[in-house]
Structure formats: structure tokens, C-alpha cells
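Undergrad: Here are the chains, one letter per residue:
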Amino acid sequence: MKLKNYILVCGGTGCESSKADDIYRSFMKELKDQKVDGEAQVIKTGCFGFCEKGPIVKVLPDDSFYVHVKAEDAKEIVAEHIIKGRQVSRLLYKKSDEKIHTKIEDIDFYQKQVRVVLRNCGFIDPENINEYIARDGYLALEKALFEMKPDDVIKELEISGLRGRGGAGFPTWRKWSFSKGVPGDQKFIVCNADEGDPGAYMDRSTLEGDPHSVLEAMTIAGHTVGANRGFIYIRAEYPLAIHRLEIAIGQAKENGLLGDDILGSGFNFDIEIRLGAGAFVCGEETALLASIEGKRGMPVPRPPFPAVKGLWGKPTVINNVETWANIPVIIMKGGAWFAKIGTEKSKGTKVFALTGKIKNSGLIEVPMGITLREIIYEIGGGVPNGKKFKAVQTGGPSGGVITADYLDTPIDFDNLAKLGSIMGSGGMIVMDEDDCMVDVTKFYLEFTVDESCGKCSPCRVGGRQLYNHLEKITNGEGTEEDIRKMRLIGKAMQKASLCALGQTAPNPVISTLQYFESEYMAHIKERRCPAGKCKKMLRYSIVPEKCKGCGLCAKKCPAGCIKGEIKKPYVIDSVACVKCGACEEACKFKAVVKN
Amino acid sequence: MPQSMPVLTQLTPELDSFIAEWRDKPGNLIMVLHKVQQVYRYIPRDVALTVSKKLDVPLAKIYGVMTFYHYFKLEKPGENQISVCMGTACYLKGGEDLLKEIERDIGIGVNATTADGKFSVQAVRCVGCCGLAPVMTVNGEVYGSLTASRIPEILAKYKK
Chain A
1 MKLKNYILVC GGTGCESSKA DDIYRSFMKE LKDQKVDGEA QVIKTGCFGF CEKGPIVKVL
61 PDDSFYVHVK AEDAKEIVAE HIIKGRQVSR LLYKKSDEKI HTKIEDIDFY QKQVRVVLRN
121 CGFIDPENIN EYIARDGYLA LEKALFEMKP DDVIKELEIS GLRGRGGAGF PTWRKWSFSK
181 GVPGDQKFIV CNADEGDPGA YMDRSTLEGD PHSVLEAMTI AGHTVGANRG FIYIRAEYPL
241 AIHRLEIAIG QAKENGLLGD DILGSGFNFD IEIRLGAGAF VCGEETALLA SIEGKRGMPV
301 PRPPFPAVKG LWGKPTVINN VETWANIPVI IMKGGAWFAK IGTEKSKGTK VFALTGKIKN
361 SGLIEVPMGI TLREIIYEIG GGVPNGKKFK AVQTGGPSGG VITADYLDTP IDFDNLAKLG
421 SIMGSGGMIV MDEDDCMVDV TKFYLEFTVD ESCGKCSPCR VGGRQLYNHL EKITNGEGTE
481 EDIRKMRLIG KAMQKASLCA LGQTAPNPVI STLQYFESEY MAHIKERRCP AGKCKKMLRY
541 SIVPEKCKGC GLCAKKCPAG CIKGEIKKPY VIDSVACVKC GACEEACKFK AVVKN
Chain B
596 MPQSMPVLTQ LTPELDSFIA EWRDKPGNLI MVLHKVQQVY RYIPRDVALT VSKKLDVPLA
656 KIYGVMTFYH YFKLEKPGEN QISVCMGTAC YLKGGEDLLK EIERDIGIGV NATTADGKFS
716 VQAVRCVGCC GLAPVMTVNG EVYGSLTASR IPEILAKYKK
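Those sequence lines, one after another, are chains A and B. Quick note on numbering: my numbering labels position 447 of the first sequence as 447, and the sequence is numbered without any gaps. Quick note on numbering: my numbering labels position 98 of the second sequence as 693, and the sequence is numbered without any gaps.
One thing to keep in mind: the hints can contain errors.
[To be verified] Incomplete in silico selection of chain A near chain B, CB under 7 angstroms:
{"hint": "1", "residue": "Arg204"}
{"hint": "2", "residue": "Ile273"}
{"hint": "3", "residue": "Leu275"}
{"hint": "4", "residue": "Ala277"}
{"hint": "5", "residue": "Gly278"}
{"hint": "6", "residue": "Ala339"}
{"hint": "7", "residue": "Thr343"}
{"hint": "8", "residue": "Glu433"}
{"hint": "9", "residue": "Asp435"}
{"hint": "10", "residue": "Asp439"}
[Claimed, not checked] Derived BS3-like pairs (lysine-lysine); straight-line CA-CA distance at most 30 angstroms:
{"hint": "11", "chain 1": "B", "residue 1": "Lys695", "chain 2": "A", "residue 2": "Lys536"}
{"hint": "12", "chain 1": "A", "residue 1": "Lys95", "chain 2": "A", "residue 2": "Lys19"}
{"hint": "13", "chain 1": "B", "residue 1": "Lys755", "chain 2": "A", "residue 2": "Lys533"}
{"hint": "14", "chain 1": "A", "residue 1": "Lys94", "chain 2": "A", "residue 2": "Lys112"}
{"hint": "15", "chain 1": "A", "residue 1": "Lys556", "chain 2": "B", "residue 2": "Lys649"}
[Said to hold, decoys possible] Ranges between beta-carbon positions, derived for each pair:
{"hint": "16", "chain 1": "A", "residue 1": "Glu80", "chain 2": "B", "residue 2": "Arg699", "range": "16 to 26 angstroms"}
{"hint": "17", "chain 1": "A", "residue 1": "Lys387", "chain 2": "B", "residue 2": "Arg699", "range": "48 to 58 angstroms"}
{"hint": "18", "chain 1": "A", "residue 1": "Glu585", "chain 2": "B", "residue 2": "Thr607", "range": "24 to 34 angstroms"}
{"hint": "19", "chain 1": "A", "residue 1": "Asn268", "chain 2": "B", "residue 2": "Lys755", "range": "49 to 59 angstroms"}
{"hint": "20", "chain 1": "A", "residue 1": "Lys418", "chain 2": "B", "residue 2": "Thr607", "range": "48 to 58 angstroms"}
{"hint": "21", "chain 1": "A", "residue 1": "Asp261", "chain 2": "B", "residue 2": "Arg745", "range": "35 to 45 angstroms"}
{"hint": "22", "chain 1": "B", "residue 1": "Glu691", "chain 2": "A", "residue 2": "Val593", "range": "21 to 31 angstroms"}
{"hint": "23", "chain 1": "A", "residue 1": "Ile133", "chain 2": "B", "residue 2": "Glu670", "range": "46 to 56 angstroms"}
{"hint": "24", "chain 1": "A", "residue 1": "Lys491", "chain 2": "B", "residue 2": "Lys755", "range": "33 to 43 angstroms"}
Read the hints as simulated data drawn from the structure, not as lab findings. Note that the Cβ used here is the ideal one computed from N, Cα and C, for glycine as well.
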């Protein structure tokens, strides 16, 4: 019997966390129980990206997009959709206007997206190499081995204009050509999958959804620069990605696509997985290499760059996951094709993890040059709960904020840098009026202080001092002198730190001071947190005119500091108040106010 | 310097064969420590000492590496591991409130273990499912889109 339908169950981390595995098994069981297991195939794929609506199930060929699916829904989908050919409308994606969207192309979230890196994510079973091969997988490797010379490959990358997606945006072809130019028979290829930026999961999703694309690209690089060994350095916190990589490496070896004499070309290449152990600094390339060598992951000054002197002192090409995933497509379709996407100096697409105060959070891939407004309002659907957009943070602890005034700036490496932020690895966190910029900055500094390896003092001491000043300000004890000192320390850290971690650690401070100085000043001069986030400065009070004297707030107060008589306005004892906000939540008349 | 030879701990066969496989590979230490932690759930001192002899790496170096990386634990964790995500998305959406409620419920804050050894609490960087923020995991099971009020009911399942 010919297969009529394909049921694609999202197996990305978000959906997997919501029991995608049970959904998968439930479909298998239902197909069997309803005696149609010959008519449809269930495939667990990588991330569909639209995590907000997960778990997601897609049914092909009609491209039905079912959201918030539960294991028990499988019965109905099989009975109705697979057997009778009728969509289960209650599970289809609906926009706020309640209009039902039956096809993926109708969904706003996907309309502005261009999928190059994520071309296979959500389409193939990442644990089956044949599905990758069926979508032209490993053709680029074949082309690079038999039809192109190493210099042609580098030339193609140069034409493509591909820049490193790990954050700094260094041209990929130059790294490769440095390594190729160094004589020596031992060279290494490394994939940086140590995605440590909190609030970002682009690389994880790529590896979970399409691991072979990275293996293929690394093998091409090996052949191009003359390396026979590759390492994937991946966070131990990503068990699913590790598992799928292990399967992919095994299958590639069985198929003669990795190991000795690849495709009969005489070229040998092997890839090993090395686990990170939770150190953000290991995203820095020299620290990462130290960690692969089994040492404490501390950076060393560059030059020499790893491309010349890297792992165990040998030339090492090191690129991040997203950069690698672009390469097979560039080889197949040509650098010129790739260079058509994007802006003048930033070619191709970028994957972002769109999270925070946004309606459609998820994983998106957009062409460079798209505006933040398009991302936040058209793809992301805007800020939920009627709140006001305040800023978007890019680049995580190394980046900065972009405010509403700059929403129409086309996004690329250079424009983001001009605005005082960075492209970073692709975390994009939306903040609304309830988020305090000083508090968020303190959050990032707490992170970098904790993650500083301690080798150089500008980072070790400077970061701590910045944090102390921020703590003082959020506690309501700040002065203008704190601001002056933070600017000074920030500059010193940017100039004197050994590696990018320390050099960029003050960015959140400098950027928020640039765009939200008035918010810092409110903390300092008025002892007030405009967003109502800094608890030490918070004062809850009851507006007597609004209070009906129901006493609910007093009942909910854990500190017992609200007193009053029924039917008369209640009063909060602000000294005893623990600022938990329970009263505000409890009041039905909005009589409890902050500040 | 005279040195009394410590009695080496017997390792599990699984760990022994793993060490044998990795002994001669350069850069093996972190991979071996991962395996140790996978077997024992933390890195006991006596095991680290045995590893030191077997790999011919000074214990001090092992200690240096273990303490550098957040992932490695030097103390035995509780029976149930609660991890509250403190990635940016979870932080903005109230990750701290979850920690507070956990402390109220079982009486311990971050990086602590309850006296009965039932629970350990840690704050983790990013679980990688920001769409579900705020997120907490208990023994790897993910609980997403949480509110503090749901914590007691979730933890009750593990108290039995």
C-alpha cells in the first residue's frame, strides 16, 4: 500500500519537554489500532520553531498545522484526518481573530522567514541518514571531493560572504584559508556547540533537527584545509543533541561518509564528540580548545589565532554550529546564490531565538536586513497582555538593548554594532514596561561575574565592581558617582580584558546607560523603580477611594501587615511589608498600587 | 617525602573499562570526569584519587578542573534534583519567584540539599525551551509555563 500521509511530530527540546515522545507513541498505536498503519508514517523531526504553540504536529501532504497537541488527540486525528480526510479544526492554529489557519504558509509566524540553516529542521527524521540524503544531503561533500579543488571551495565561501555566526562575524573563508596556508600534516576542525548564552537555543535546535549538515560541512572543511580529525565541543546540558549526533556519526561511518576513504576518494576524516561542562567562557575559541585538551577552560591571548596555532598547537579551523550548517548549501547552490540573501556586508540568514515578552516565542530564521519591527510585530505577534514594548536585547551578556526608536533599523552585524549591541549568537529577548533595565543589567552582570574565569583582573575585578554598583542602585542606595564609576570601569574592561568575555561584559551597562539613563536616575534621585521590579524600593499602598473594605488583601498578606475594618479602607504597614505583591494580586478593585 | 599509599577505591566495571578506553587519548580528563559523575551522580574524593592514579594526573589538577566547571559536583546531591532555569527569558518571566516558593516549601535555597537528603536545588543557565518560560526541571522532567502556586503540588509528587 502506498503511504497517503506523513505525520510529523516535533521532537525539538521545547516540544519534547511537553511529552512529544508520548504523542509519537500514541500516533503509532492509533494507526495500528485503527488498522491504517500502512497508510501513514509517523516521523519525529527536529524543531518546527513555533515553540509557543507546542507540542506541534504537522500532517503532510496537506500541510495541516496542529498546535498544543496532546497524546490523547492522536485518536481523533487518525480517525478524522487520516481515515476520513477531514482536518480536526479544534486543533488547527488560530490567530487571535479566531480565523482558522489550515496551512503553514498562512501563518504569520512563518511568512517572513527564509530557511537556509533550518532547511531540514522539522522536515526530516534526524535519526535517519537516508532522510538527510533524500534532501540532497552529502551531495555537497561529493562535489567538494570530486569536482572542486580546495581553493575552489574557499573561493566559493569568499563569494558567499559568509561570516561566523558565533557572534563576532569573522569571514569564514579567511579562517579556512589561514589554516590551509599553514604547512603541516596535522590539522584539526572544531565545531563550537557550546551555546552558553542564556535565552538562546539556535545551535541546539540545529543539531537536534539536522545533525548531518554539521558533519558534512566539517568533512568538507577537513578536505579543504588538509585535516583528518574533527571535534564537536558540545554542552553536556544538551543530552538530546548529543544523542542525535552520536547516531548521526555512527550512520555516516556505516555509509562511508565518515571514516577512512570517504566515498572512495582516499580522504580520511573522523569526528569525535567532546563534552563541555558548563563554563560560558568556553564559547571563546582559545578557552574552548583548552577545554578539549582536558584543561581548565581559560583563554590565551591572540595572536597566534587558532587557525594557525590551535588545538595541541596545530592549525585549527573553528566555527560555530550555525556557520557549519550554512556550508553544504553554499557549496551546492553556489556562493553567488547565498550572497543574494541579506545586506551588503552581512550575507545570508540568521537564526534567532525569539523569547521573553512576545506572543509567538520560538526559533526563527530570517534574512539579514530584516527590521526588528518585522521580527517583533509580524513574526512575533507583538507584546502580549496589552503591555508596552520597551526594548529588545540581543547578544545576551555580551550585547545591549535596542529601543523602540530603532525598530526600523535593518538587522545586520554592522548596524547592531552601531546601536551599541551585537549580533551575538542569536538570542533575542523582548522586554516590556514591567522590566527594569537596571535589574536586567544586574542579571547579566551577575552572570558574567560568575562566568569570568578569573585569569585577567580587568574582567575578574571590574565585573564584580560593576555588579556592586548595580546592586547599590537597585537597593535604592545609588548615587550619581556610581554611574560615573561604572562608565569608567566599563571602558577599562573593554580595553584591557584578555578575551571577548571581559571585553564585552560591560556592554549591557554601557548600552542601558545610553538609552535608559533616566531610569537609572529615577532609582538614584527619586529612589523609585519605574518598572516596579526592584523590590527594595517598592512601596505598596491602598488607594482609599478605590478600596471597598472587603479585607481580601489582609487575608492574603503573609506578613499580616494589612489592617482595617470591614467596609472601610484598609492600610498597609509599609515597614512590615515584605513586598510579595499578594495583596495587589488579590484585590479585585485595583485599589492596591505600587510606589 | 614519605607518603603513605592510600587504598584505592574499587571502581565500577563500567567506569573501569571507560577509563581503559580513554587512557591514552589526549584531553581525556573532562570526558572521564563526566563518566564518573554519570555513575556516582557527583565526583567523590576517593574516586577522583583513583582516577588520578589511573590517568597519571595529579589530584590537584583534577580538583582544578572540577571546580572550574559548573557541571561537576563535589558533594552528593539529593535524591531529587530540582533545577530552576535562570536563563534570561525565565528570569524575566519570574524564575526568581519559583525559587522563593521552593524555599518556602522545602526550606532550602539554591545550591543546598535538604537534611533528609530528599531534595537538592540548583539554578541553571538555560534549559533551552525558552518558549515555555519560566521552567523548572525535577530529575530531568520539565515543567514549563509555571507559576509559583503550582510548585507545592509538583514537589508533593516527589516527597513520597
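Undergrad: Within 48 to 58 angstroms or not, the Cβ separation of Lys418/A and Thr607/B?
TA: Taking Cβ atoms as reference, Lys418/A and Thr607/B lie about 56 angstroms apart, which means the hint holds.
Undergrad: Using 7 angstroms as the Cβ threshold, decide whether Gly278/A counts as touching chain B.
TA: It holds, given that the least Cβ distance between Gly278/A and chain B is near 4 angstroms, below 7 angstroms.
Undergrad: Under the criterion of a CB-CB separation shorter than 7 angstroms, is Ala339/A in contact with chain B as hinted?
TA: violated, 31 angstroms
Undergrad: Given the hint of 35 to 45 angstroms, check if Asp261/A and Arg745/B actually sit that far apart at their C-beta atoms.
TA: violated, 56 angstroms
Undergrad: Starting from the range 49 to 59 angstroms, see whether the pair Asn268/A and Lys755/B falls in it by beta-carbon distance.
TA: holds, 55 angstroms
Undergrad: Could you grab the alpha-carbon distance between Lys556/A and Lys649/B and see if it respects the 30 angstroms cut-off?
TA: Distance of about 60 angstroms is beyond 30 angstroms: violated.
Undergrad: So, as I understand it, the hint says Ala277/A touches chain B; can you test that by seeing if any CB pair is closer than 7 angstroms?
TA: holds, 3 angstroms
Undergrad: Take the C-alpha atoms of Lys755/B and Lys533/A, compute the straight-line distance between them, and say whether it is at most 30 angstroms.
TA: With Cα atoms ~37 angstroms apart, Lys755/B and Lys533/A exceed 30 angstroms; violated.
Undergrad: Lys94/A and Lys112/A: Cα distance at most 30 angstroms?
TA: holds, 18 angstroms
Undergrad: Can you tell me whether the CB distance of Glu691/B to Val593/A sits inside 21 to 31 angstroms?
TA: holds, 22 angstroms
Undergrad: Hold the hint about Glu433/A up to the distance rule: shortest CB distance to chain B must be less than 7 angstroms.
TA: violated, 12 angstroms
Undergrad: Please check whether Ile133/A and Glu670/B have a Cβ separation lying inside 46 to 56 angstroms.
TA: holds, 47 angstroms
Figure legend: structure checked against the earlier numbered hints; hints not met, in rising order: 2, 6, 7, 8, 10, 13, 15, 16, 17, 18, 21 and 24.
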